[in-house]
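Peer 1: Below, each chain spelled out in residue letters.
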Amino acid sequence: MTTATEPAVRASGLSVSFAARTALEDVSFELPRASFAGVLGPNGAGKTTLLRALLGTVTHSGSASLTGRPAYVPQSGGIDPSFPVDALGVVLMGRYPRLGWRRWPGREDRRRAREILGQVGLEREARVPFAALSAGQRQRALVGRALAQEGDVLLLDEPLTGIDVPSQEVILATLEAKRRAGATIVMTTHDLVQAARVCDRLLLLNRSLVAAGTTSEVFRPEVLGRAYGGELLVLDGGAVLLDDAHHHHDPR
Amino acid sequence: MLEGLDAPYLTRALAAGALVAVPLGLLGCFVLLRDLAFFAHAVGVATFPGLVIGAALPGVGPFASALAAALAFSGFVSLGERDRALSGGAVTGVALAGALALGSVLLVSLEVGALPVERLLFGSVLAVSDADVARSAATAALTVAVIGLTLPRLAATTFDREWAAPAGGRGRAGDAALVALVAIAVVCALPAVGSLLAAALLVVPAATVRVLTERLAPMLACAVALSVLEMAGGIVLARVLDLPPGAVVATLAGVVFGMAAALRAAAGRLALEVAR
Amino acid sequence: MIAVLDAAFEWLAEPWRPGLMRLAFAEAVLAGLACGALGCFVLVRRLAFLGESVSHTVVLGAALALALGLPLGLGAVAIALTTAGLTGAIASDRRFSPDNATGVLLPTLFGAGVALLALTAGGRRLEELLFGSILGAGASDVALAGAVVAAVVVALLLAGQELVLTAFDRSVARALGYRVAALDGLLLALLAVTTVVGLRAVGGVLLAGLLLGPPVVARLVCRTFWPMLAVAAAVGAVAGVAGLYLSWHLELGAGPAIVLVVTGAVAIAAGWRAVVRVRPGHRREAGPVTAG
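Residue numbers (our numbering), protein chains in the order written: chain A, 6 to 257; chain B, 59 to 334; chain C, 916 to 1207.
In short, the hints are calculated from the structure, not lab data.
For glycine and all other residues, C-beta sits at the position ideal for the given N, C-alpha and C.
Please note: incorrect hints may appear among the correct ones.
[Unchecked claim] Take a look, some chain C residues computed to stay more than 12 Å from chain A by CB distance:
| hint | residue |
| --- | --- |
| 1 | Met916 |
| 2 | Glu929 |
| 3 | Pro933 |
| 4 | Gly984 |
| 5 | Leu989 |
| 6 | Gly1038 |
| 7 | Gly1051 |
| 8 | Val1067 |
| 9 | Leu1073 |
| 10 | Gly1092 |
| 11 | Asp1099 |
| 12 | Thr1139 |
[Stated by the list, open to error] Pair by pair, the computed Cβ-Cβ distance ranges are:
| hint | chain 1 | residue 1 | chain 2 | residue 2 | range |
| --- | --- | --- | --- | --- | --- |
| 13 | B | Gly229 | C | Ser1086 | 42 to 48 Å |
| 14 | B | Ala130 | C | Glu1166 | 41 to 47 Å |
| 15 | A | Glu113 | B | Leu115 | 27 to 33 Å |
| 16 | C | Arg1192 | A | Thr64 | 56 to 62 Å |
| 17 | B | Gly229 | A | Glu222 | 24 to 30 Å |
Use the sequences and the hints to build the structure in full.
Peer 2: Written out as structure tokens, the structure reads:
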């Protein structure tokens, strides 16, 4: 368990390179426990790589650590949609790491899974095949899987992108509830406005860390301009327009 | 035509066939879910040069040499398919054709004499020995044990490898274990069904069951049962019609798949009618 | 010195003398050209398994044709197109991937073909259908092969750029107004007739080698598509000739000899590229083939 003052997430001099390019360069920051951090940046900025480095699934130099048990909601592009599993089964998968991978979930696990399904609004979809769920329902089930891991640090990669607004609200409410219970949330997104609304800390990433701090410190035109460069348009009165039009595919 | 169905050679063939059908059915579900059908087919074909060499080298035996060929092939293809420029199965395709061509050439140059090529390619009811039965039993036990112990991990990594990795899913070890088990099961099936059609019972029964169910546990159980039935039925039918067992088993499996697909299509149309 | 040259010349000239060998050489060159060229599309569109499947299932087509007294080529083309169609149908179900669909159809249809051949005493033809019978190529076979090559050339001249763009970036092709479905159909039809030629040259179970090997060699040495296609066609033709030489002088089966030459070429090309990569000063790693 974490002590009250120890940061939940810490990176120091974190750098990640792939064969042809540098994905992250000398990233250093700390996140206190029970914060809700948004990781922002244009495509290719290294947001996903940052999460992977924190989880230890990608080789890096420098240090990256989490205090407590992690729970991960990756982007759903890698999921096999034809896999025979229903919504309840997806949430139950989150119990496997706790059980030690060799034992099957028991009655208590199933009860907890059903409870989580209720939290994310999928009680009636428990037996529906995952592939038959809508995008928003699927994402809620995947968040449910992370909740079933009973983690202290939740890392989510673009959890709200491309899903209906009610599902987004359910997910955000669930995350906020976990945060109040003491979990730390790290969420990547490219919805700047939404991040400013729900996150209390922001990390602006563009291969290197452009800015890090509380939302009020970071959400300023001059700071945002450094991260987004030409994609940013500052209007009179301080309103900010972000040119999000070119979602080019990550070469990975 | 129906006499002699209780002959010892047939009993051996049925025993070995039914026993090897268990791992084939179990592994077949993951071959299906992890898109390993091309690999499974290729491994079967690649055992052919091993069988030829095994026949030419007394004391080595076809099982050991076929297994060596299968494992070498698996390793080679795993490395080759990593090249992004050639991804999409080209390496597998060239390698399997090369292996088959090599076997064919060795057949001539090693002068193995009257080696029954058709038997190696499509199996034979007469070719199953007691040792084959024992090997099939051992493979069945091994596969059930491994799958039983690693099923949660296998399911989670097959569904979402990115999530499973940090949670302790260890994808690479699972991949290697699966590939090795597939190779061993295929080699055990060779005497009965031959190299070219050994992979039939890996893919087709699992696909048939997949048509009818959306849950993993029933899929595994039914794939095993269907695989055993199709192998046994195919062997008996092959004996009765005097045809190569590999061809009969594969065709039977295909017919059952077609029936399942038709059944589901009809049920779907019925459900639409009822909903209206 | 003269004696050595003389012997070398004799080694090269000897197989050309018999008439049937000349037909075989022609067949080998034409099959190599067609398979090498078409194989580039199969490679780029990641259809290797489908190519392997169609090569096998045409045995069923041949078996049906033999049983019904129809020309072999007709049965083969019909089943090739049926295989492609059924594969697409199964893969359209969200439960199944193309790999799954192909994995179901290959053993099913191929097994049925083998069983049918055995039942109808076409079993004598089994070996030649599996491993090819290029030495039995007659004038009509060569004419067919020539027609197929001509068809491929015409198709590439008329629709080459469209086929290439559809292969590399389907959504862009669609946005440009190309009839993507029709182009797919054209490619499939070319694949079907090329398979029939390949069936005679190297047989059903070895065809994947001739279809994929030359494009793999070309891919390892070329960066853009059209040079790759030219190299692949050339490699296919040369492999056909070289394979026949090996078959003649070493008394090996012609089909296996051709495929072994192709496999050897792949090994050499892979080795060459590995060496080139390791050489100091070489910076770039091989990127994707560009439509160029």
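Peer 1: Which constraints among the numbered hints does this structure fail? Numbers only, ascending.
Peer 2: 13, 14, 15, 16 and 17
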